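Start from chain A and add chain B according to the hints.
Those protein sequence lines, which keep their order, are chains A and B. Residue numbers for the first sequence follow our numbering, so the first one is 355 and each next one is one higher. Residue numbers for the second sequence follow our numbering, so the first one is 3 and each next one is one higher.
Keep in mind that the hints were calculated from the coordinates and are not lab data. Check each hint, because a few of them may be wrong.
As the list claims (entries may be wrong) - Non-contacting residues of chain A with respect to chain B, defined by C-beta distances greater than 12 Å in every case (computed): (1) 428; (2) 445; (3) 483; (4) 513; (5) 544.
Unchecked claim - Label-pair ranges, simulated between beta-carbon atoms: (6) B:565 with A:568: 41 to 47 Å; (7) A:510 with B:67: 27 to 33 Å; (8) A:541 with B:477: 57 to 63 Å; (9) B:342 with A:439: 26 to 32 Å; (10) B:472 with A:439: 54 to 60 Å.
Here the structure is a predicted model, which means the values were calculated and not measured. Where a beta carbon is used, it is the ideal one built from N, C-alpha and C, also for glycine.
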Amino acid sequence: MSAIPQVRANPLGRGTVEAGQGVRATPPLQPPVVRRGTGGGWGGNDGGPLTGGDGLPLSTAKLGLWVFMGVVTVLFSIIVSTYVTRMGFADWRPLPEPRLLWLNTGVLILSSVAMQWAQVAARRGRIDSLRVGLLAGGVFAWAFLAGQFWAWQQLGASGYFLAANPANTFFYLITALHGLHLVGGLVAWGKTTVKVWRGFEVRLSVELCAVYWHFLLVVWLGLFVLMLTH
Amino acid sequence: MMAQTPYQESLHLHDPQSFWTKYVWSQDHKVIAIQYVITAVSVGLVALVLSGLMRLQLGFPGSFSFIDPTSYYQYVTMHGMIMIIYLLTALLLGGFGNYLIPLMVGARDMVFPFVNMMSYWVYLLSVLVLMASFFVPGGPTGAGWTLYPPQAILPGTPGSGAGIVLMLVSLIIFIVAFTMGGLNYVTTVLQARTRGMTLMRMPLSVWGIFTATIMALLAFPALFVGCVMLLLDRVVGSSFFMPAVTSMGQQLDYGGGSPVLFQHLFWFFGHPEVYIVALPAFGIISDLISTHARKNIFGYRVMVWAIVAIGVISFIVWAHHMYYSGMNLYLGFFFAVTTLIIAIPTAIKVYNWVLTLWHGNIHLSVPMLFAIAFVITFVIGGLTGLFLGNVAVDLQLGDTYFVVAHFHMVMGVSPILAIFGGIYHWFPKATGRMLNDTLGKLHFWVTFLGTYAIYFPMHYLGFLGVPRRYYNFESFEFIPPSAQTLQAIITVVALTVGVFQLVFVFNLAWSAFKGKRADGNPWRATTLEWQTPDTPPVHGNWGPRLPVVHRWAYDYSVPGADQDFLPQNLELVVATAGHEGQRAQGSEA
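The following block holds chain A by itself, in its conformation from the complex (with noise of 0.2 Å):
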């Protein structure tokens, strides 16, 4: 392992050990073998895979990563399952979906396509790039919030309000629900950004947005098909 020191300038330094934790940086100008020495000056075992025993070969945030996205799944396919349950009953009334949902999910692919190309400029060591690519998924994301609530507000405005009919209701909850993981998607880009700006290793953090990213647009697009069917 190549032990050169990080440098404040450049957060994508290629000695720096991918860390078990993507939420936890290493902190600047601190070479990657000081690492292997903080938490009480453990020395670890003999080699082995990542984890330094039988796990799998896959960093650990990555796993827990696809774990909670599992259980996300699990969520909406229950929500899924109950509104195709609903929907059949004799008093579901189909709203009209606002026009402003198809603008809406295409912001929220642009995000992806911002953060997916952060990732791979983060891969490649272009800083630039990654900033760019970083506050643009960021900004697309919030953009897709607004205009979420905005849908909401001009749904309310044609008189669909919440408790008026369960379609109205499952529409409310479905976006809340979505929306509200993306929020916490955008804590974790808040994050990630301020590392970049201080210099920390990021690439891990990146990518982990950008898995999380695409995933929850994966859910968004199944939900938005789910609620265009009458």
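Below, chain B without anything else, positioned relative to chain A:
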């Protein structure tokens, strides 16, 4: 490929400095585990008192003026919900899971310590929200622990004001807390095992907790969705579950919703929940029986696969809780069949426990007493489950005390016995002191015999047709007076057993400070948590080097070995004449 540091080395553990970061805002899995245990046991004592109040009314109806129908239903509801969610689930996964997983797989901590800490504090918040409902106008909800709409949120049900709202909010918070913990347990088991600790060398406790956690991560979202939707029905007047309904002479704004939809959501969570509680108990019992019988667990691989099979099958049996709700006959047949099939892997486990005991060197220590009691109790509770799994029988017995007896035996008493056994077993590791043996045996015999005296007669009450959930039985001609005598006896025993739990609490508190000092491995057990350099283990668990695992978790009484147990991290040097190596041929799983 870039150079990669072993995970455990790069794991940056916070270094606790002050009292606050060491014992309160701690990210150490052992401290978090103890926080979980203390909180869960405290709230469990509240639920125990509630059951005592319930029994007072049932045993001596009308004698206590402060127990009116409203408060009776509130006791029933809160007792059930607290015991199942906030005690059993939290204690088995949050408590035992947190303490045992990193120690048993040879890790320094959970893989996401901060998230782990958050999990506890959010859990505590959910408990506080729930407890707050005792102090709001109208009191806690009395809807029954299943919270079925429409009655759960309609006026006329106790606590339909703030009580039900707080209950639903508390459950939602609990699920968030559990998800944070659960992500940790799963990822830690998959990623942080030390060298040599393959999945098929893990102690069965870890397998049980691991599988139960995956199940909980899959099942709790259903409850989450159910709670959010019911909350919306209650607060904003939507109609997910609410049909058109007239309440107290007034037509309400609800219409078109399906109460049965809620039941599906609830039981899609609710049935796996039974095994979420049972699987960790199975694991703990396996380890206890093997250790205290000085014998390797019989059929380790089958035990693992049985755990996994139970986990899978338990997701396709939920509607056996809904035979009463009206069901297509073929659907009922399907769910009856899956329900009976789940008895097969469960029976395999029971056989293997018994075969582990067979010809074992059985030490009747307190943990072992609880373990054996668990097996007996679980068999009885499981057998009555076979009765109730059949649609035709269930329709006769489903709303009687037979069911109360069944589920208390199988998922009340059984997991509690496993928890007691586990606490008596691991207390020396957690505190460095032994629990008092005499008090432990007293606690065991009163609890074990007492629960039989409480629940066994309830089967007969059920056969008599005594309905459950009722505040009193004044107008039922068919119930003979002797049933009331039996109820009074049950109440006396229940209160006695309840009071005797104070012996346990006293034992915990007293022994933690004054108990006999324990060495690092008082039960001479093989698993890694007993091989830590310090007892209780310090922050980081293992000192400078992680243990390396050379064998499975159950090398007891290996023929030819110098001692009757071979720790998992013991490296054997095959004997050659004149060398000082250990002279045993360790059997590998």
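Hint-by-hint comparison with the structure:
1. 428: violated (5 Å)
2. 445: violated (3 Å)
3. 483: With a cut-off of 12 Å, residue 483 of chain A remains clear of chain B, as the shortest Cβ separation is near 20 Å.
4. 513: holds (16 Å)
5. 544: At roughly 16 Å from the nearest Cβ of chain B, residue 544 of chain A sits farther out than 12 Å, so the non-interface label holds.
6. B:565 with A:568: 41 to 47 Å: violated (55 Å)
7. A:510 with B:67: 27 to 33 Å: The hinted range 27 to 33 Å is violated for residue 510 of chain A and residue 67 of chain B, with Cβ atoms some 51 Å apart.
8. A:541 with B:477: 57 to 63 Å: Cβ of residue 541 of chain A to Cβ of residue 477 of chain B: about 59 Å, so the range 57 to 63 Å holds.
9. B:342 with A:439: 26 to 32 Å: The hinted range 26 to 32 Å holds for residue 342 of chain B and residue 439 of chain A, with Cβ atoms some 27 Å apart.
10. B:472 with A:439: 54 to 60 Å: violated (33 Å)
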